[in-house]
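Undergrad: Sequence:
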Amino acid sequence: MYETILIPTDGSEHAVRAAEHGQYLARLFDATVHIVNVVDVQAAGGVFDAGGVDEEFVSRLKAKGERTIEEAAAVIDETESIQTAVLKGRPDEEILEYAAEHGVDALVMGTHGRTGLRRYIAGSVTERVVRLADIPVLTVRATDQSQIAGDYDEILIPTDGSEPASAAVEHGLAIAEKSGARVHAVNIVDVGNVSANPTYTLPSEVIAQLESEGETVTEEIASQARERGLEAVTEVREGFPAKTLLDYANENDIGLIAMGTAGRTGLNRYLLGSTTERIVRQSDVPVLAVNARDEQDG
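Going by UniProt numbering, the sequence shown opens with residue 1, and the numbers climb by one from there.
In short, the hints are calculated from the structure, not lab data. These figures come from a predicted structure and were not determined experimentally. Do not rely on the hints blindly, as some may be mistaken.
[Stated by the list, open to error] Label pairs and their computed distance ranges (CB to CB):
| id | residue 1 | residue 2 | range |
| --- | --- | --- | --- |
| 1 | D247 | V206 | 36 to 46 Å |
| 2 | E220 | D190 | 13 to 23 Å |
| 3 | F240 | G103 | 30 to 40 Å |
| 4 | G229 | F57 | 49 to 59 Å |
| 5 | D77 | S212 | 42 to 52 Å |
| 6 | E220 | G180 | 20 to 30 Å |
| 7 | I148 | I207 | 33 to 43 Å |
| 8 | K243 | E170 | 20 to 30 Å |
| 9 | E13 | A85 | 20 to 30 Å |
| 10 | R237 | E205 | 14 to 24 Å |
[Claimed, not checked] DMTMM-like cross-link-like pairs, simulated, lysine to aspartate or glutamate; straight-line CA separation at most 20 Å:
| id | residue 1 | residue 2 |
| --- | --- | --- |
| 11 | K88 | D77 |
| 12 | K178 | E227 |
| 13 | K178 | E20 |
| 14 | K62 | E97 |
| 15 | K243 | D284 |
| 16 | K178 | D160 |
| 17 | K178 | D10 |
| 18 | K243 | D151 |
| 19 | K243 | D253 |
| 20 | K178 | D153 |
| 21 | K64 | D30 |
| 22 | K243 | E154 |
| 23 | K88 | E55 |
| 24 | K243 | D190 |
| 25 | K62 | D10 |
| 26 | K178 | D77 |
| 27 | K178 | E70 |
Don't be surprised by glycine CBs; every beta carbon is placed ideally from N, CA and C.
Produce the complete structure using the sequences and hints provided.
TA: Here it is in structure tokens:
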């Protein structure tokens, strides 16, 4: 499934941790690893005058980029095939262009997971890549829970039965099959999406119907997992999707969350965020975001 994996790095602890997970995926799938650093001259030096960009300044940035690549490459097994490059330009654009030109099958990126209105509107490089990439993006924060100690033993695949959710199933199952992980297929009955009135509660018959639908879609994933010889469990919970899924991940020692995202853009999307985007920002464990957006949304 993954023959070529791209790991962009900025030298942060989150990027180094992402490189560790990229190395792990590469080992599972016998993939070639590409590590790149993007020199964002304008962000580093501000707006230059009419005299143009100082080439010595750019050279220093490139040298720093090469050092960050070396730091990330140090966590990759020497037996792995590694290609490296220092790029120049806007990071998200350069990363996506590089991925397209080199036939990359998956991106592995660190994310700082910061929040706040400015963060929602501007977005981090990783968040922009998650929204725009046509290939899966594994996001990683440097936390105690994201340390690799062996294989992914427990993989969470959230589902609501939609096309975006279904897009991640094959990826989650493929990784589970390679790592021997148990699959957790989980559906959340979304109590936060039914009414703007905080005093409103769903009628019991509606909850029962939604739970029944949740059991159906989770069992479909579990059946696919069992057909591959994997252990699988299902659960349907009532709650707020992002928070409830993160709680489930913490309670069940989940090592990886694999989920779909519609990848839509626009101010409303930036302010509110999808469940996947919220989980990418907040999860202590790696999140594999698989984009299933329609071309008209891209």
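Undergrad: Each hint needs a verdict: does it hold in this structure or not?
TA: Going down the list of hints, with the structure as the test:
no. : hint                     : in the structure
1   : D247 to V206: 36 to 46 Å : violated (23 Å)
2   : E220 to D190: 13 to 23 Å : holds (19 Å)
3   : F240 to G103: 30 to 40 Å : holds (39 Å)
4   : G229 to F57: 49 to 59 Å  : holds (56 Å)
5   : D77 to S212: 42 to 52 Å  : holds (47 Å)
6   : E220 to G180: 20 to 30 Å : holds (22 Å)
7   : I148 to I207: 33 to 43 Å : holds (39 Å)
8   : K243 to E170: 20 to 30 Å : holds (27 Å)
9   : E13 to A85: 20 to 30 Å   : holds (22 Å)
10  : R237 to E205: 14 to 24 Å : holds (18 Å)
11  : K88 to D77               : violated (27 Å)
12  : K178 to E227             : holds (14 Å)
13  : K178 to E20              : holds (17 Å)
14  : K62 to E97               : holds (19 Å)
15  : K243 to D284             : holds (12 Å)
16  : K178 to D160             : violated (25 Å)
17  : K178 to D10              : violated (29 Å)
18  : K243 to D151             : violated (25 Å)
19  : K243 to D253             : holds (16 Å)
20  : K178 to D153             : holds (11 Å)
21  : K64 to D30               : violated (29 Å)
22  : K243 to E154             : holds (19 Å)
23  : K88 to E55               : holds (12 Å)
24  : K243 to D190             : holds (11 Å)
25  : K62 to D10               : holds (12 Å)
26  : K178 to D77              : holds (18 Å)
27  : K178 to E70              : violated (28 Å)
Checked against the numbered hints given earlier, this structure breaks hints 1, 11, 16, 17, 18, 21, 27; the rest are met.
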